[in-house]
Structures are given as C-alpha cells and as structure tokens.
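Chemist: These are the residues of each chain, in order.
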Amino acid sequence: MTAALDFVALLGRLLLGACTTSGRLALFGLSGLSHIVRPPFYGRMFLRAFVEIGYFSLPVVALTAIFTGMVLALQSSTGLSRFSADSAVASLVVLSVTRELGPVLAGLMVAGRVGAAIAAEVGTMRVTDQIDALSTLSTNPMKYLVAPRLLAGLIALPLLVVVADILGVMGGFIIATAKLGFNAATYLNSTLNFIQTDDVVSGLVKAAVFGVLIALMGCYQGYNSKGGAQGVGQATTSAVVAASVLILAFDYVLTELFFAR
Amino acid sequence: MSDMTPTIRLRGLSKSFGDKKVLDGINLDVAKGTSMVVIGGSGSGKSVLIKCILGLIEPDEGVIEIDGVDVLKAPREQRTALRARIGMLFQNGALFDSLPVWENVAFGLLAQRRCSRAEARTRAADVLAQVGLAASVGDLSPSELSGGMQKRVGLARAIAAQPDILFFDEPTTGLDPIMGAVIDGLIVDCVKRMGSTAIAITHDMLSARRIGDMAAMLYKGRIVWEGPASGLMDTGNAMVDQFTHGRREGPIQMELRK
Chain R
1 MTAALDFVAL LGRLLLGACT TSGRLALFGL SGLSHIVRPP FYGRMFLRAF VEIGYFSLPV
61 VALTAIFTGM VLALQSSTGL SRFSADSAVA SLVVLSVTRE LGPVLAGLMV AGRVGAAIAA
121 EVGTMRVTDQ IDALSTLSTN PMKYLVAPRL LAGLIALPLL VVVADILGVM GGFIIATAKL
181 GFNAATYLNS TLNFIQTDDV VSGLVKAAVF GVLIALMGCY QGYNSKGGAQ GVGQATTSAV
241 VAASVLILAF DYVLTELFFA R
Chain V
262 MSDMTPTIRL RGLSKSFGDK KVLDGINLDV AKGTSMVVIG GSGSGKSVLI KCILGLIEPD
322 EGVIEIDGVD VLKAPREQRT ALRARIGMLF QNGALFDSLP VWENVAFGLL AQRRCSRAEA
382 RTRAADVLAQ VGLAASVGDL SPSELSGGMQ KRVGLARAIA AQPDILFFDE PTTGLDPIMG
442 AVIDGLIVDC VKRMGSTAIA ITHDMLSARR IGDMAAMLYK GRIVWEGPAS GLMDTGNAMV
502 DQFTHGRREG PIQMELRK
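If you're matching them up, the sequences are chains R and V in order. Residue 1 is where the first sequence starts when you use the working numbering, and the numbers rise one by one after that. Residue 262 is where the second sequence starts when you use the working numbering, and the numbers rise one by one after that.
Certain hints may be false.
What the hints assert, rightly or not - With a cut-off of at most 25 Å between alpha-carbon atoms, the simulated BS3-like pairs for lysine-lysine come out as follows: (1) Lys334/V <-> Lys293/V; (2) Lys226/R <-> Lys282/V; (3) Lys281/V <-> Lys481/V; (4) Lys481/V <-> Lys282/V; (5) Lys226/R <-> Lys281/V; (6) Lys334/V <-> Lys282/V; (7) Lys226/R <-> Lys453/V; (8) Lys282/V <-> Lys453/V.
Said to hold, decoys possible - Quick look at which bits of chain R chain V covers, simulated, 3 or more residues with Cβ under 8 Å: (9) 135-142; (10) 206-216.
Calculated from the structure, these hints are not laboratory results. From the three backbone atoms N, C-alpha and C, an ideal C-beta is built for every residue, glycine too.
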C-alpha cells in the first residue's frame, strides 16, 4: 500500500514539476516575444544573432538538404518501382522536402548548432554575473539577450528552409537524372506542376515556429542555468534535447492544423 | 526631505532561500557621501544584501529606502530611475565577453541613450584614463586583460555614468597586495571626486579600512556590529575581533556540513 502511495506521489511530483516548467517557459517566451515589439530595440544584437543563426548555419543546412534529397530520390525510386510508379519520384521528393524534411531537418540541425551555442553563451553570462550586470546598467536582459534572438530565429529559419527546399529538390534532381535515368526537363516539369503554394508556405510557417522554439529553449535554459561550468553544460544539453523534441511535437501539431481533413 | 535623511536606509530587511534565512531583519543607514564597508564570513549574506538593494533579488520583507523613497513600493519607472543612479563593481568584473573594453565601459551611457557611439567612445577613453588605463586598452577584448586590469575596467564601467551611489563586491579579491592597494586607491579617489555614497563588501581587512568611513559586520543574516572603519581592528566586540584577526577560537564557529 505504501509503495503504491509513493508511486502516486512520485507521479504527482513529476506532473506538478512538468506543469511548473511549462508555465515558466510560457511566461518567459511571452515576455521575450513582447519585448520584440516594445522599444528600446537592440539592432546590433539582432544582426549578430541573425548572422549566427542564419548565415553560419547555411553550410550544415545545405549539406543536410542536398543529401536528404538525393537519398529520398534513390529510396523512393526503388520503392515505387515495385508498383511501377517511378514517375512519382519527382512529386514525392518535392512534397517531402517542402512540407516536411526541409523544415524539420533544418530545425534539428540548427537546434544542435545554434541552440547549444545560445544556451552556452547566455548560461555563461548568468553564472559570471553578466546578466546581473546588464540589469545594473539600466538594460533589461529580456530585451537585450532574449528578444533579438527570438526575432532572429523567427526570420532566419524560414530563409534557411527556402535554401533547404531548393537544394533538397536539386539533390533529388541530380540523382534522378544522373543515376536513375530520368529526363531532366520531364523531372523539372513534374516537380513544378505538382508543387503548390500551400506546400511551401506550410513549411515556412513550421520553420518560423521552429526558429522561435530553438532560440527560446537556448535562452530559457541558459538564463536559468546555475552552478558554474557544470550548470552551463547541463543547460546546453537540455536546450538541444528540449528544442529537438519540441520541434517534432510542434511538427505534428502544425501538420494537423494545415493538412488534416 | 531633510539633510539628515540617509542616502540608503534599510529596515527589517529579510530574505530566505528555502529553509535558510540569509538576511534576518537588517537595519542599516548609509549617510550621503560616506562609504560603508560590510564585512562578514562567506555565506553571511553580504552579496544578497547588495543584490536586494540593486533589485536583483526581491526581499521577503523589509524596507529599502534611497533618499527617503521606498524602492520596493515605488512605481516601476521611479524604481528604474532610482536604480539607474547606482553603479556596481562585481567581484569577478562581470565584463561582457562579446564587447570590446570601451563598449563595456560606455555600456550604461549607450543603454540610457545619453550620447552617440562616437561620444561614448570618447567618454570611455576619459574614464579609462581615470582608472589608469590607456585609451588603446579600449580596443581589447576583456579576455585579453589581467585580473587587475579587469577590475579597473569594471570600476570604469561602474563610474562611467557618474552614479551617486556605488557598490563594490569584493573589489580586491584575487589581486596581489599592490594591485589591491591600487584598486582601493582608485575606489577612494572616484568616490571622493564624485561625492558618491558607497557600500563595499569585503573580506580584506586592509581594504576595508582603506575604503570605508564606516563599517558593519554581518553574521548569520544580522548586523552584529557597526562603527567607524578606522577602529575595525580593535572594536571590543568578540565576533568582530575574531573575524578581523582571523582567529580560529571565538564566538564564531565555522558551520561544517554533516
């Protein structure tokens, strides 16, 4: 009986802990987002975050997208050939890349690269009193550290996904024409005929949400880190794991919103 | 407001973290233009005291007055304005790694939109000169500076906006005795030149006597002694004498975790 009660108490503690963390995260996120539209604005901090999230993530996102497109063309060709539906390769590649793989893979790669960097930087600032120093210098840390990164994530990720979409489709095109014997003009024609505005827009909206989630988790974990180097390390790990899981969860929710009939 | 109103007045200030009572009804007055040094062992609540006054930690109860205005009850704008009058030198400098030294020094001026970047750079060079650093140091990154230089830059940042209240958290910790004396001298110069009111917390008795006009000792969250800093080494208070002379035996027992 006691063991059963202990188990229920443990479940209760876990549930309360999850609710508390969710509430704190939501308040932190809302506060950060509200500072995006309330002056003063820190343009330099935004530009720095934008270059860090957008520009420096280009190589990793580009490589991920191009190889994913190539693998997708190869896999779908072998699979679809069983049903004599090889001609659907172009449509399958473009649909998968724009709706799903472009935003999700770009999001996961950026979460690993940028989410960790944000958490480490903000966390180090926390444990070395730099965030307290900001407050003593008439600067709201949410405005100076969090809002520019959220805005940069919101804008940079969709731009990265545009690049990922183009390179993903290009990867599929390269394999289809060079290895699978597709006619280049026919392949491109099928791609352009099949793709619809909604496919691209849904991917870009997902990317914007993922961008905010990555920056938010990096900032939140870093901002609340404690205990020196070990605390910063934990914050970094938590930021990447939490952002990755949230990206997959929100991907499902957004897909449901866009495409569920 | 009379001239007798202390610049900083604390009454019944208390703060707990979980079961641990860190501040337990602190009463303290710091008169305008004087320097108060707060001494006490590690974990006695000195840093929490300063962070409460700065607004970085919300106290559980008590009153914090700056020039007679209750900071905790003041509207947000007034609270922000009052706290903008405070400059702070952090224990480890807390310089912003991502900014060059001159931007660290001019950060408060730029944040308050009090001047352009070009003017701020000139002002930063002036303030760096006041703490004995060449203008060329302004282009370096904080990580390129020695501990003593980082303290000087931290001091320059604290005084750049010419605050009328200054806080110093362990200003000489980690410095050699000569550099410690240099930093103390700079602190005294800055405080006297600007006519600021200052609170410093320190373990360094030599530094305490050099910086402070008045001194107070914090023990277990309470002020157990207050008096002139010049008499710190011979107060007649058993706790203060044990602390200032670094004796193992006495009324203060080290708390060992079991």
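Chemist: Where does the structure disagree with the numbered hints, that is, which hint numbers, in rising order?
Modeler: Numbers 7, 8, 10 - these are the hints that the structure violates, sorted from lowest upward.
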